[in-house]
Amino acid sequence: PKFLFSSFFSHRVCFSVWILKRKDVPPPRIPSVCEAEALHANAIKMISTINTVCVCVCVCVCVCVCVCVRAVNELSTGGGWSSLVITVCIYTLLKFLQGGGAGTSGFVGNLRQFLWTRVQQFSSRGVQVRLFSHLHGLSLRWHLDRRTGDVLRSVDRGTSSINNLLSYILFSILPTVCDIIIAIIYFVSYFSVWFGLIVFTCMVLYLTCTILITEWRTKYRREMNDRDNYAKSKAVDSLLNFETVKYYCAEDYEVRCFEEAIRKYQRCEWKSSSSLALLNQTQNVIIGSGLLAGSVLCAYLVSEGQFQVGDYVLFGTYIIQLYTPLNWFGTYYRLIQSAFVDMENMLDLLTEQNEVSQSIHLWNITKERILVTASPCTNTLCIETSFVLMCVCVCVQVGASGSGKSSILRLLFRFYDPQSGNIRIDGQEISQVHQSSLRSHIGVVPQDTVLFNDTIGNNIRYGRVTASDREVESAAVAADIHTRILELPRGYDTQVGERGLKLSGGEKQRVAIARTILKQPRIILLDEATSSLDTQTERNIQASLAEICTNRTTIVVAHRLSTIVGANQILVVHNGQIAERGRCVANNQCISVGRPLIGRAADTPNNLRCPDTLAMCNARDAETGRGRVPVLGRPRPSNSSPRSSSLNLQL
1 PKFLFSSFFS HRVCFSVWIL KRKDVPPPRI PSVCEAEALH ANAIKMISTI NTVCVCVCVC
61 VCVCVCVCVR AVNELSTGGG WSSLVITVCI YTLLKFLQGG GAGTSGFVGN LRQFLWTRVQ
121 QFSSRGVQVR LFSHLHGLSL RWHLDRRTGD VLRSVDRGTS SINNLLSYIL FSILPTVCDI
181 IIAIIYFVSY FSVWFGLIVF TCMVLYLTCT ILITEWRTKY RREMNDRDNY AKSKAVDSLL
241 NFETVKYYCA EDYEVRCFEE AIRKYQRCEW KSSSSLALLN QTQNVIIGSG LLAGSVLCAY
301 LVSEGQFQVG DYVLFGTYII QLYTPLNWFG TYYRLIQSAF VDMENMLDLL TEQNEVSQSI
361 HLWNITKERI LVTASPCTNT LCIETSFVLM CVCVCVQVGA SGSGKSSILR LLFRFYDPQS
421 GNIRIDGQEI SQVHQSSLRS HIGVVPQDTV LFNDTIGNNI RYGRVTASDR EVESAAVAAD
481 IHTRILELPR GYDTQVGERG LKLSGGEKQR VAIARTILKQ PRIILLDEAT SSLDTQTERN
541 IQASLAEICT NRTTIVVAHR LSTIVGANQI LVVHNGQIAE RGRCVANNQC ISVGRPLIGR
601 AADTPNNLRC PDTLAMCNAR DAETGRGRVP VLGRPRPSNS SPRSSSLNLQ L
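Position one of the sequence shown corresponds to residue 1 (the UniProt record's numbering), numbered consecutively onward.
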């Protein structure tokens with residue numbers, strides 16, 4: 001028992017405590033409650049000490065209750081009335097502390113459970129917050145390679161396992177081991193060596209069979225968890241893509257896939273349940289054999305006059321009371337093993353390292369000059385290009401789909417780190433500054449806008465969570481969505497639904513623009529920010545963007561000629577390279593700067609020609625009748641020189 005307890009406590013409990021003490025997992029950044037958490041932790045330590053005392057009292061009470069059964073001897077031999085009353089009162093008091101039948105808990109057990117609730121909540125909250133913070137610290141590539149439902153299921157099972165792990169060990173395993181040791185010593189000293197040998201043999205056989213069979217059936221538990229994760233992720237993925245399922249009338253297909261996932265899970269569950277039944281039956285055989293051997297021996301000694309009737313009652317009562325927690329010992333051991341199996345996936349999440357390294361330095365723009373230099377190459381896209389932007393200017397990237405335009409924006413935002421080269425802003429390498437410090441100065445309007453399942457007002461306020469209602473409304477007005485919001489039944493309190501599916505594509509895009517307006521960043525990245533808008537709305541929003549982009553560097557990804565017009569510099573991206581670059585002058589003529597790499601006609605050396613991009617933009621604008629819509633307001637005069645500061649980007 002000592003070896004088993006040591007292995008449990010040192011290798012299992014300390015491993016679970018290690019989750020809370022990990023140094024490589026950043027703690028939750030909540031400075032405002034640090035002192036309160038420290039005081040709360042001290043209170044938790046005190047409560048844990050009281051709980052330990054309660055456990056010791058429970059063990060002692062169990063022994064005293066069994067000893068009090070010897071009052072039967074006094075009743076059978078006609079003892080004095082006063083001694084009988086005292087014995088019965090002590091027995092009743094101890095049973096009150098211990099608890100009676102019908103599954104009721106005693107006073108000590110109820111007190112322990114009451115105190116333990118706070119400890120359990122504290123540890124559970126710490127693990128969940130730490131894990132949630134760690135998941136948000138992982139890179140975009142990691143999240144793209146994982147199933148969201150699988151991750152959530154692993155987190156749910158892992159945190160629920162931690163909730164019960166320490167409770168199982170401290171309040172079930174520890175008292176049972178102590179009870180076994182006390183029982184063996186008591187039977188050897190009070191009865192005979194044979195009784196102690198019977199109890200010891202049964203305990204060894206019971207624990208050995210429990211451990212061996214439980215270890216054998218662990219593989220079924222792991223397989224069951226994998227199938228459960230897959231079924232959960234399948235359901236989440238199907239429900240999140242509800243519209244797509246309806247578009248292709250694939251309801252029956254999704255139901256069949258989900259049913260097949262459930263069937264595979266249930267087959268693994270049946271194996272786990274069958275092996276559990278085998279383990280329970282083996283335990284019952286061992287317990288019954290020990291009880292039979294001890295009862296026969298005790299009855300024989302009573303018939304020989306060596307023991308009294310009370311001794312037989314004492315042995316029977318004590319051995320049954322001992323076997324009850326021992327039976328739960330096997331159950332709790334299985335639960336602990338299952339808990340560690342459930343925690344494996346969660347521990348794997350905690351050991352995941354962020355490929356985008358974090359730095360403690362803050363990014364502080366102290367000069368007007370902004371310099372960005374980079375030469376990255378990712379696993380999925382190799383970018384070998386360079387360009388220079390002036391500060392307080394507008395740069396437009398055009399190119400075919402998949403050419404690397406959005407990847408350049410993600411590199412600037414540090415969703416990825418370059419494998420070679422570096423990126424500098426204002427002379428500072430962005431890989432050496434804190435991510436949150438860098439991203440607080442950059443505003444992004446993504447190509448695919450996904451909203452939280454919250455009110456439309458809170459979705460706009462997400463750009464700056466401390467913003468007032470007036471500031472939120474001003475941002476909505478600038479994004480040309482304020483009037484539309486007021487037409488909704490609940491105005492700014494209207495729920496947008498899962499991923500914002502209650503709103504149209506254009507409305508979601510305007511909410512994203514309002515977020516960026518509310519954030520007021522120094523650098524703005526627009527990834528097809530107006531692709532889902534009509535002509536008039538685009539004109540209104542571009543006028544608003546022109547105001548917020550004043551004195552700010554703006555990089556725009558576009559496919560429309562109307563967006564290209566007015567830019568200080570146009571970059572044509574092709575296969576991760578800057579194929580051509582130039583700017584727009586009068587009559588929408590695009591003048592190239594430097595030698596273009598693709599699509600250059602010999603007879604028109606001064607014209608920027610990219611059939612896959614600019615011709616497509618001209619045709620699309622001709623069909624829609626957009627005309628010349630200056631991006632971000634009116635273009636600057638050609639003779640107006642920008643500030644001396646510059647943004648130099650080499651990719």
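Source of the hints: derived by calculation from the structure; they are not laboratory data.
Take these hints with a grain of salt, some might be off.
[To be verified] Derived BS3-like pairs (lysine-lysine); straight-line CA-CA distance at most 25 Å:
(1) Lys271 x Lys219
(2) Lys219 x Lys234
(3) Lys234 x Lys271
(4) Lys502 x Lys234
(5) Lys234 x Lys264
[Claimed, not checked] Pair by pair, the computed Cβ-Cβ distance ranges are:
(6) Val85 x Ile181: 30 to 36 Å
(7) Ser295 x Ser273: 28 to 34 Å
(8) Asp156 x Phe114: 22 to 28 Å
(9) Ala543 x Asp156: 32 to 38 Å
(10) Val465 x Arg125: 18 to 24 Å
(11) Leu212 x Thr317: 27 to 33 Å
(12) Thr535 x Ser124: 52 to 58 Å
(13) Val85 x Asp156: 52 to 58 Å
(14) Val193 x Arg267: 45 to 51 Å
For each residue, glycine too, the CB sits at the ideal point set by N, CA and C.
#### Entry: Numbers of unmet hints, in rising order
9
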